[in-house]
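Residue numbers (my numbering), protein chains in the order written: chain R, 1 to 401; chain X, 1001 to 1401.
It should be emphasised that the hints constitute simulated quantities derived from the structure, not laboratory data. Quantities reported herein were computed from a predicted structural model and do not represent experimental measurements. Even for Gly, the Cβ is constructed at its ideal location relative to N, Cα and C. It is possible that part of the hints are untrue.
To be verified - Stretch-level coverage of chain R by chain X, calculated; a stretch enters the list once three of its residues show a Cβ under 8 angstroms from a Cβ in chain X:
#1 49 to 57
#2 63 to 76
#3 196 to 206
#4 213 to 223
#5 232 to 246
#6 335 to 345
Claimed, not checked - Listed next, with one range per pair, are the computed distances between beta-carbon atoms:
#7 V303/R - P1012/X: 51 to 61 angstroms
#8 A249/R - P1012/X: 33 to 43 angstroms
#9 I1128/X - K182/R: 25 to 35 angstroms
#10 E1317/X - E160/R: 49 to 59 angstroms
Said to hold, decoys possible - Some chain R residues well away from chain X (every beta-carbon gap over 10 angstroms; in silico):
#11 E15
#12 R22
#13 V144
#14 R167
#15 R171
#16 G226
#17 T398
Number of protein chains: 2
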Amino acid sequence: LEQRTQPRTGIPAAELESRRGRLLEHARREGLSGYVLFDQQYIQYFTSFGFLSTERPVVFAQSAGGEMVVLVPEFEVERVRAETAFERVESYPEYPGIEHPMRILATVLADLGLRDAIGADQAGYPGILGYQGPALGEVTGSTVAPLAATIESMMVRKSESEVALIRESGRWCAHAHRLLQKFTRPGVTETEASLRAGHEATIAMLNALGDTYGGQQASSDGASAGYRGQIGRRSSWAHAIAHNIEFQAGDVLVTETSAPIWGYNAELERAMIIGAPTDEMRRLFDHTVAAQQVAFDALRPGVKCADVDGAVMRYFEDNNLLLYWRQHTGHAIGLRNHEAPFLDLGDDTPVEPGMVFTIEPGLYDATVGGFRHSDTVAVTADGIEILTDYPSDIESLTIPA
Amino acid sequence: LEQRTQPRTGIPAAELESRRGRLLEHARREGLSGYVLFDQQYIQYFTSFGFLSTERPVVFAQSAGGEMVVLVPEFEVERVRAETAFERVESYPEYPGIEHPMRILATVLADLGLRDAIGADQAGYPGILGYQGPALGEVTGSTVAPLAATIESMMVRKSESEVALIRESGRWCAHAHRLLQKFTRPGVTETEASLRAGHEATIAMLNALGDTYGGQQASSDGASAGYRGQIGRRSSWAHAIAHNIEFQAGDVLVTETSAPIWGYNAELERAMIIGAPTDEMRRLFDHTVAAQQVAFDALRPGVKCADVDGAVMRYFEDNNLLLYWRQHTGHAIGLRNHEAPFLDLGDDTPVEPGMVFTIEPGLYDATVGGFRHSDTVAVTADGIEILTDYPSDIESLTIPA
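With these hints in hand, go ahead and build the complete structure from the sequences.
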């Protein structure tokens, strides 16, 4: 068994320890006896532990003194011992069970020395897939201090390791997109093109990442590229849904891709056109490319998120394009494929080095179509690094009819 | 555009209206001026409206007098007008925006006549993908009465239309599983087999459902069948994760499938063996099949959920199998792929006609492997109907080595 795979973390163990150290430092400063995490992605962020999140709670806790424990359903115990570095693994038989998992958690936490004041990412286990249960404060009798804002403030600035994983994700998004573009032809449906692209890209990605890659959950997880119904005039609906539409000459298309690497996401999207673009398509397409450049130029440490969206809005206004505006410039991205802050007129968060954003201003016209390129960028000390590398010009993105 | 697809609901409009009528009746009885829904699947349940759920709130509300409104981000307005029957569509420019969407919602609700006491499925929009915002009570100044328990009590008993969609889902799960079984051979990886099965099954399913099917969201959505790492001795880990493992003779496998039809899910899983089963594999396999039959026989209106799990536990105890026990007998299923109630010793919910459950007792041994068949059943007036049709015997589920 051990020879078949050698699970390794994508983020170095020392970095995970340093993240936990920062959270512990905060907890101690607040006079807390330790902290408890219920959220799957927070647990992944602090421990790299990957699991299927269901109505059965998985809980990670650390005492102010540094001792760690993970609480899982009984059937996870053997896997956790084999695939993770957790020294202390506690379990409950089942959910809901004769004794509720939160009651068992209370005993585990008491034994770990968590009492009086405990930090937690939320009041209790979230109501996933039919879960119901008492709050942490109720089962422990302790005061529960919220930690989500502190955790989010850590996650928003990505480390070099995190940016490296997002960069790798961007490479596979681009690979999947090249295949999608190749398979997108008149007479083919959006479903056929995207299934084929995802199939081939995932095999290529897993082969390239090798045996030590452990970022899958389902066996079909990997790289994908496709559409979500933004085909023809439906391309003007920024969040359309798919209808297995057959491509035809004259269609404007907007794509989407995904390739989480150890959970970390880049985003790459392109507007494409099947057959010769009309003048009006070309006009909106070229303005979309230009608006993206405006955002690239505006994004740097020290400005506010709203400033970047404001620069794009000024470009639209100066070019009489406000009529075609439908969505803000972008959002942060990382372990979640959308995160705060947002490149939006209403978000005054200061931009800092290490933040990673999508840059995706779009123009939408109900008769011509919708145009949106999305790229992922990391904020550096004095500007940005673009993490997704794919052509943006109309010639490269015109598909033969 | 209109000729390419004719979006239709999977649940008849009259049934959706009747669902809303029941919720309104409850609201009026409680003296509420109307109700508000934030949860994506609750909105789907009461309106069949399908959309991509993100940090941008989508909210449905109905006044005690029956007037409906949907609040969406600006870029959804044209699609909602084209693809849904909503007469009143309100919008906000963006999230977070200069004016928070919840403030705009408050104005919309006031105009609809919702005041003083309002029912809602939750306190506000949930914290999806970086969303933050004020609670409904805060922005409206009204008392907010929780409705989730009432809604769940409606959703737990499925109608004939719902059972029909779950039955159709079961057909496509079985089709995908036949392909998965065909593609699972020594030397092939779990990823290759599942991608190929999902690819072919999705194309077949969409072709069969025809142009009026509108249950996709992404273009690659359809039917899938695969593994989640339960291969070889890892099959004894009930919730393993995939590692692109290559199949080899002697492997015990546990599969999973998915094929939501207009959002409704069946679940079909099988234990399989590559090459001639050992005696010990055969023993655990056959007991798994027998335990499933015990549950089929025990499930009927009038018993409690715990009774069904109890019957399986007694079978395990009588046959000295408790050592191999890791999980309860099953869970309800519908618009969510796990729902309450649970066929679990700790769940005393009475079984009623119209409830739909997975039946999936399993046996797990760290050296032999894990064995679990999951089938989906609807509770009828006097027993059950099995909605998934796939062989369960060891001969049918042995793969040539």
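Hints and how they fare:
1. Judged by the Cβ-Cβ criterion of 8 angstroms, the stretch 49 to 57 of chain R is covered by chain X as claimed, because 5 of its residues qualify and three suffice.
2. Coverage of the stretch 63 to 76 of chain R by chain X holds in this model, with 4 residues showing a Cβ closer than 8 angstroms to a Cβ of that chain against a need of three.
3. With 6 residues carrying a beta carbon less than 8 angstroms from a beta carbon of chain X, the stretch 196 to 206 of chain R meets the three-residue requirement, and the given coverage holds.
4. For a cut-off of 8 angstroms, the count of residues in the stretch 213 to 223 of chain R with a CB near a CB of chain X stands at 9, and the three-residue condition holds.
5. For the stretch 232 to 246 of chain R, the assignment as covered by chain X holds, since 14 residues bring a beta-carbon within under 8 angstroms of that chain's beta-carbons and 3 suffice.
6. With 9 residues having a beta carbon nearer than 8 angstroms to a beta carbon of chain X, the stretch 335 to 345 of chain R meets the requirement of three or more and the stated coverage holds.
7. Hint check: V303/R to P1012/X, Cβ distance near 53 angstroms, so the stated range 51 to 61 angstroms holds.
8. Look at A249/R against P1012/X: about 37 angstroms separates their beta carbons, and that is inside 33 to 43 angstroms.
9. Range check, I1128/X to K182/R: about 34 angstroms between beta-carbon atoms, so the 25 to 35 angstroms window is met.
10. Distance hint check for E1317/X and E160/R: the Cβ-Cβ separation is about 55 angstroms, which falls inside the suggested range of 49 to 59 angstroms.
11. Residue placement check: E15/R keeps its beta carbon more than 10 angstroms from all beta carbons of chain X (closest about 21 angstroms).
12. Every beta carbon of chain X lies more than 10 angstroms from that of R22/R, the smallest distance being close to 20 angstroms; the non-interface claim holds.
13. Against chain X, the non-interface label of V144/R holds: every CB pair exceeds 10 angstroms, the least being about 17 angstroms.
14. Under the 10 angstroms C-beta cut-off, the non-interface status given to R167/R relative to chain X holds; the minimum distance is some 22 angstroms.
15. With a closest Cβ-Cβ approach of about 18 angstroms to chain X, R171/R is found to remain outside the 10 angstroms limit, as its non-interface label requires.
16. With a minimum CB-CB distance of about 4 angstroms to chain X, G226/R fails to clear the 10 angstroms threshold, and the non-interface call is violated.
17. No beta-carbon of chain X is positioned within 10 angstroms of the beta-carbon of T398/R; the least distance is around 20 angstroms.
Violated hint: 16 only; the structure is consistent with all others.
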